[in-house]
Amino acid sequence: MTRIYLDHAATSPMAEEVIEVYTAEMKEVFGNPSSIHQTGRKARKKVDDARTILAKSIGAHETEITITSGGTEADNYAVFGTAYARKNEGKHIITTQIEHHAVLHACEQLEKDGFEVTYLPVDKNGLISINDLKNSLREDTILVSVMYANNEVGVIQPIVEIGELLKDHPAYFHTDAVQAYGSLSIDVITSHIDLLSVSSHKINGPKGIGFLYQRKGILLKPIFYGGQQERKKRAGTENVPAIVAFAKAVQLKQATFTNGNVEYNQLKQVFLSELERLKVPFQVNGSQESVLPHVLNISIPNTDVETFLVQLDLAGIDASSGSACTAGSIDPSHVLVAMYGESTPELRNSVRFSFGLNNTEEQVLEAANKISKIVL
Amino acid sequence: MIYLDNSATTKVHPEVLNTFVAVNEKFWANPASIHTFGHQTNELLQSAREQIADILKTSNEKIFFTSGGTESNNLAIFGLAHKYKQRGKHVLISEIEHPSIIETAKKLSEIGFDVEWIPVNSEGIIILDTLEKLVRKDTILVSVMHVNNETGAIQPIEELSKIVRAQSRALIHMDAVQSFGKIPVDFKILDIDAITISSHKIHGLKGSGLLALKKFVEIEPILYGGGQESGIRSGTTSVPLAVATAKAIRLAVTDLQNNILKLQTLSDDLMVYLNTFPSVKVISPAKKAPHIVTFSVQKVKGEVMINALQEQDIIVSTSSACSSRQTKTSHVLKAMHISDDYIKGVLRVSLSTLNNQQEIDQFKIVFKRVMNVIKGD
Numbered sequence: 001m002t003r004i005y006l007d008h009a010a011t012s013p014m015a016e017e018v019i020e021v022y023t024a025e026m027k028e029v030f031g032n033p034s035s036i037h038q039t040g041r042k043a044r045k046k047v048d049d050a051r052t053i054l055a056k057s058i059g060a061h062e063t064e065i066t067i068t069s070g071g072t073e074a075d076n077y078a079v080f081g082t083a084y085a086r087k088n089e090g091k092h093i094i095t096t097q098i099e100h101h102a103v104l105h106a107c108e109q110l111e112k113d114g115f116e117v118t119y120l121p122v123d124k125n126g127l128i129s130i131n132d133l134k135n136s137l138r139e140d141t142i143l144v145s146v147m148y149a150n151n152e153v154g155v156i157q158p159i160v161e162i163g164e165l166l167k168d169h170p171a172y173f174h175t176d177a178v179q180a181y182g183s184l185s186i187d188v189i190t191s192h193i194d195l196l197s198v199s200s201h202k203i204n205g206p207k208g209i210g211f212l213y214q215r216k217g218i219l220l221k222p223i224f225y226g227g228q229q230e231r232k233k234r235a236g237t238e239n240v241p242a243i244v245a246f247a248k249a250v251q252l253k254q255a256t257f258t259n260g261n262v263e264y265n266q267l268k269q270v271f272l273s274e275l276e277r278l279k280v281p282f283q284v285n286g287s288q289e290s291v292l293p294h295v296l297n298i299s300i301p302n303t304d305v306e307t308f309l310v311q312l313d314l315a316g317i318d319a320s321s322g323s324a325c326t327a328g329s330i331d332p333s334h335v336l337v338a339m340y341g342e343s344t345p346e347l348r349n350s351v352r353f354s355f356g357l358n359n360t361e362e363q364v365l366e367a368a369n370k371i372s373k374i375v376l
Numbered sequence: 001m002i003y004l005d006n007s008a009t010t011k012v013h014p015e016v017l018n019t020f021v022a023v024n025e026k027f028w029a030n031p032a033s034i035h036t037f038g039h040q041t042n043e044l045l046q047s048a049r050e051q052i053a054d055i056l057k058t059s060n061e062k063i064f065f066t067s068g069g070t071e072s073n074n075l076a077i078f079g080l081a082h083k084y085k086q087r088g089k090h091v092l093i094s095e096i097e098h099p100s101i102i103e104t105a106k107k108l109s110e111i112g113f114d115v116e117w118i119p120v121n122s123e124g125i126i127i128l129d130t131l132e133k134l135v136r137k138d139t140i141l142v143s144v145m146h147v148n149n150e151t152g153a154i155q156p157i158e159e160l161s162k163i164v165r166a167q168s169r170a171l172i173h174m175d176a177v178q179s180f181g182k183i184p185v186d187f188k189i190l191d192i193d194a195i196t197i198s199s200h201k202i203h204g205l206k207g208s209g210l211l212a213l214k215k216f217v218e219i220e221p222i223l224y225g226g227g228q229e230s231g232i233r234s235g236t237t238s239v240p241l242a243v244a245t246a247k248a249i250r251l252a253v254t255d256l257q258n259n260i261l262k263l264q265t266l267s268d269d270l271m272v273y274l275n276t277f278p279s280v281k282v283i284s285p286a287k288k289a290p291h292i293v294t295f296s297v298q299k300v301k302g303e304v305m306i307n308a309l310q311e312q313d314i315i316v317s318t319s320s321a322c323s324s325r326q327t328k329t330s331h332v333l334k335a336m337h338i339s340d341d342y343i344k345g346v347l348r349v350s351l352s353t354l355n356n357q358q359e360i361d362q363f364k365i366v367f368k369r370v371m372n373v374i375k376g377d
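Protein sequences appear in the order of chains A and B. Last residue of the first sequence? That's 376 in full-length UniProt numbering, and every number before it is there in order. Last residue of the second sequence? That's 377 in full-length UniProt numbering, and every number before it is there in order.
Hint data in this document are derived by calculation from the structure and do not stem from the laboratory. Heads up, a few of these hints could be off.
Ranges between beta-carbon positions, derived for each pair [said to hold, decoys possible]: (1) A/ASN135 - B/LYS57: 54 to 62 Å; (2) B/LYS57 - A/ASN302: 49 to 57 Å; (3) B/LYS328 - A/THR258: 44 to 52 Å; (4) B/ASP191 - A/LYS221: 32 to 40 Å; (5) A/LYS221 - B/LYS328: 17 to 25 Å.
Derived lysine-lysine pairs resembling DSSO-like cross-links, with alpha carbons at most 30 Å apart [stated by the list, open to error]: (6) B/LYS106 - A/LYS91; (7) A/LYS232 - B/LYS106; (8) A/LYS42 - B/LYS344; (9) B/LYS301 - A/LYS45; (10) B/LYS107 - A/LYS232; (11) A/LYS91 - B/LYS107; (12) B/LYS107 - A/LYS221; (13) B/LYS334 - B/LYS281; (14) A/LYS42 - B/LYS301; (15) A/LYS112 - B/LYS107; (16) A/LYS370 - B/LYS26; (17) A/LYS112 - B/LYS85; (18) B/LYS364 - A/LYS27; (19) A/LYS216 - B/LYS106; (20) A/LYS45 - B/LYS11; (21) A/LYS91 - A/LYS112; (22) B/LYS214 - A/LYS112; (23) A/LYS42 - B/LYS89; (24) B/LYS83 - A/LYS87; (25) B/LYS89 - A/LYS232; (26) A/LYS232 - B/LYS301; (27) A/LYS27 - B/LYS262; (28) A/LYS87 - B/LYS85; (29) A/LYS27 - B/LYS26; (30) B/LYS85 - A/LYS91; (31) B/LYS83 - A/LYS91; (32) B/LYS11 - A/LYS232; (33) B/LYS368 - A/LYS42; (34) B/LYS107 - A/LYS216; (35) B/LYS89 - A/LYS112; (36) A/LYS373 - B/LYS26; (37) B/LYS85 - A/LYS232; (38) A/LYS232 - B/LYS328.
What you are looking at is a predicted structure, and each value in this text was computed from that prediction instead of being measured. Glycine included, each C-beta is placed from N, C-alpha and C at the ideal position.
Starting from the given sequences, assemble the full structure and let the hints guide the process.
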């Protein structure tokens, strides 16, 4: 049985071209970019070129890109880095209840250290209210961190409006774009974004690599100390092959940008229509207008997520209860709790399907049919 | 090209590369996912962890995969200091540590820890008598590298742990980035509590490494999020990288005694040759790792030698890659009180088992030529 992988928001397969580039770089360009000899300089050039590609993909300058070990480090760096660099200006941070744990747990850690954090609520559609944000802003607010799009339900936050609101406020605007990057067109200039996190393995690039965009002039406290790599912002020998492979994944995404979006959204629509045709009862969680093309979170009445996922697994379908990071635990999703409250059936019967590379219409039709057999 | 800068980074071993490619092809799932694909991927991750734990002689749950040596060192210093701060605030660090330890320790002292520095003698080896005086009842952490990356000097870790154990409850962290795979490293023989390993220094992949703890030693995280790696290192674990790291580690310890002999033979031969030049001073001490030979040419800048050798396709470095782009003098050489005539002319030849006698012979020929042109020797 060929498995049907519908969990691309957890992690995605590396594209063939990316594997080729990665493998070739590991074989050929193995220098340490800090070395001053030719082997080192060759590696440095590779990193520089890759950085330019990453920067351009969000309308930034290459000096504004700090390469990290992934989305978690980028988020931690943005949150801790801002907090400790600006603690003399203020100790108030605003974020949302539906952030990834890389932001939420970093904020909770800061609370233990004397910072004050406001966690903005979301409505039933998973959207924050600009008014709430406006009312929460204070003179001593140093950071506002709102994710670009949520990883569990795919809902896209009003980033442009937030940027507009914050452009005259001293607080830095950070957005975790891990799930949005590659699916949405992002421009840090027009959106007035100061800090933005990206992860490679969600866009068919290698695991263990990502970046944080930091608008020019922003000075964060590093979280890793050591050598003077990444303009003294991030110590540690650069992971050259992964950086180059990451840039390749970005280029591939850009080449198929509208294509991929349309394609994955098309798969989602086919999947939804088939479920409807088969009379599977379900309700989509989160906004259906402001949503990522490749993420779908549905609640199916009278199912239990744990059992349902096992059944799906036996039927050869890889899906998830929300995020892979929380999948190991039986705690209800903090995102769904924020949307629906503490005790609604959605917390126990919601499943996320996320579409991506190598998925076909036949696969999603087959998945829908298998689901109907399980549910009906 | 003759690559003699293996302490900066190494070429990926073909078998490690194959492992990476194969795992990446078949087991690219997120190991935290609960579907079978995720489980299978996670099982592979756990077996990588087991293999490493066996080699280092600790338990599986004490192996934490990180993004490399720098992160592991940061995690060790911050994480152990914070975990055990109720016992005291005193931390001891040697003067010749890698910047990823030194800068982290400086940061600790900014936030209220009492950091003191263990000095080294002219051979670049920590002074145990001074250490004995520095260790206090409230010392909570001692961090000393196994092999110095700039000189190859082996530090007396076993003696150090005896002194530390006798006088305190401090934990001992050892940066083994330069020693692992070059001399024996494990928790039992050294009696330490934490070990840092970086993959790309042992023919593994960049962007991967680990921190290993002895059984029952605990630590606070420095990255927060999804709670991977038992909550100690959040972020999706790259299983292909972890398995490739395990492979590189296995390869590094396979045939270790023979490899040591091979490297020793090559470096002894090189040292004997270098000593025939009156203006060359060997800086590596007698008690050194077999793969590093550090020396200096009197009154000639290191960069000049590097470029001259490079024109003949031989790659060596000044004392370290991390510092080679800085103009300031190496903190290690300063701590050793290397004289002005020599401190700017330091060169490091670092070998790997992929090097051979022919390459060393070629190095000698080229070196002699270069010395002729530059020094008229």
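Tested hints:
For the pair A/ASN135 and B/LYS57, the beta carbons lie near 58 Å from each other, so the given range of 54 to 62 Å is met. A hinted range of 49 to 57 Å for the beta carbons of B/LYS57 and A/ASN302 is consistent with their spacing of about 52 Å. A hinted range of 44 to 52 Å holds for the C-beta pair B/LYS328 and A/THR258, which are about 50 Å apart. Separated by about 35 Å at the C-beta atoms, B/ASP191 and A/LYS221 satisfy the suggested range of 32 to 40 Å.
For A/LYS221 paired with B/LYS328, a C-beta distance near 23 Å keeps the hint of 17 to 25 Å intact. Between the alpha carbons of B/LYS106 and A/LYS91 the distance comes to roughly 24 Å, so the proposed pair stays at or under 30 Å and holds. Note on A/LYS232 and B/LYS106: the hinted pairing holds, with a Cα-Cα distance of about 15 Å set against a maximum of 30 Å. This hinted pair checks out: A/LYS42 and B/LYS344 have alpha carbons roughly 25 Å apart, not beyond 30 Å.
In summary, the hint linking B/LYS301 to A/LYS45 is supported, as the alpha carbons are separated by about 25 Å, within the 30 Å threshold. Between B/LYS107 and A/LYS232 the alpha-carbon distance is near 14 Å, which keeps this suggested pair within the 30 Å criterion. For the hint pairing A/LYS91 with B/LYS107, the CA-to-CA distance comes to about 20 Å; that is within 30 Å, so the pair holds. At most 30 Å may separate the alpha-carbon atoms for a hinted pair to count; B/LYS107 and A/LYS221 meet this at roughly 11 Å.
A threshold of 30 Å between alpha carbons decides the hint, and for B/LYS334 with B/LYS281 the separation of about 16 Å falls inside it, so the pair holds. For a cut-off of 30 Å, the pair hint linking A/LYS42 to B/LYS301 stands: about 23 Å separates their Cα positions. For a cut-off of 30 Å, the pair hint linking A/LYS112 to B/LYS107 stands: about 19 Å separates their Cα positions. Between the alpha carbons of A/LYS370 and B/LYS26 the distance comes to roughly 24 Å, so the proposed pair stays at or under 30 Å and holds.
For the hint linking A/LYS112 to B/LYS85, the alpha-carbon distance of about 16 Å falls within 30 Å, and the restraint holds. Between B/LYS364 and A/LYS27, the direct Cα distance comes to roughly 27 Å. Compliance with the 30 Å bound is thereby established for this hinted pair. Between A/LYS216 and B/LYS106 the CA atoms are separated by roughly 27 Å; this keeps the pair inside 30 Å, and the hint holds. Taking the CA atoms of A/LYS45 and B/LYS11, the gap is about 18 Å. The hint holds against a cut of 30 Å.
With a C-alpha separation of about 12 Å, the suggested pairing of A/LYS91 with A/LYS112 holds against the 30 Å cut-off. Restraint check for B/LYS214 and A/LYS112: satisfied, since their Cα atoms lie roughly 28 Å apart, inside the 30 Å limit. Restraint check for A/LYS42 and B/LYS89: the C-alpha separation of about 44 Å exceeds 30 Å, so the hint is violated. Taking the CA atoms of B/LYS83 and A/LYS87, the gap is about 24 Å. The hint holds against a cut of 30 Å.
As the CA atoms of B/LYS89 and A/LYS232 are separated by approximately 27 Å, the hinted pair is consistent with the 30 Å bound. As the CA atoms of A/LYS232 and B/LYS301 are separated by approximately 25 Å, the hinted pair is consistent with the 30 Å bound. Among the hinted pairs, A/LYS27 with B/LYS262 is consistent with the structure: their alpha-carbon atoms are about 24 Å apart, no more than 30 Å. Our distance criterion of 30 Å between C-alpha atoms is met by A/LYS87 and B/LYS85, whose separation comes to about 23 Å.
Taking the CA atoms of A/LYS27 and B/LYS26, the gap is near 21 Å; set against the 30 Å cutoff, the hint holds. Restraint check: the Cα-Cα separation between B/LYS85 and A/LYS91 comes to about 24 Å, which is no more than 30 Å; the hinted pair holds. Taken as a hint, the B/LYS83 and A/LYS91 pair is honoured in the structure, with Cα atoms around 25 Å apart against an allowance of 30 Å. Of the pairs offered as hints, the one joining B/LYS11 and A/LYS232 holds, with about 25 Å between alpha carbons and a cut-off of 30 Å not exceeded.
Of the pairs offered as hints, the one joining B/LYS368 and A/LYS42 holds, with about 27 Å between alpha carbons and a cut-off of 30 Å not exceeded. Of the supplied pair hints, the one linking B/LYS107 and A/LYS216 holds, its CA atoms being roughly 25 Å apart against a limit of 30 Å. Under the criterion of a C-alpha separation no larger than 30 Å, the hint pairing B/LYS89 with A/LYS112 is consistent with the structure, at around 19 Å. Restraint check for A/LYS373 and B/LYS26: the C-alpha separation of about 29 Å stays at or below 30 Å, so the hint holds.
Restraint check for B/LYS85 and A/LYS232: satisfied, since their Cα atoms lie roughly 28 Å apart, inside the 30 Å limit. For the hint pairing A/LYS232 with B/LYS328, the CA-to-CA distance comes to about 15 Å; that is within 30 Å, so the pair holds.
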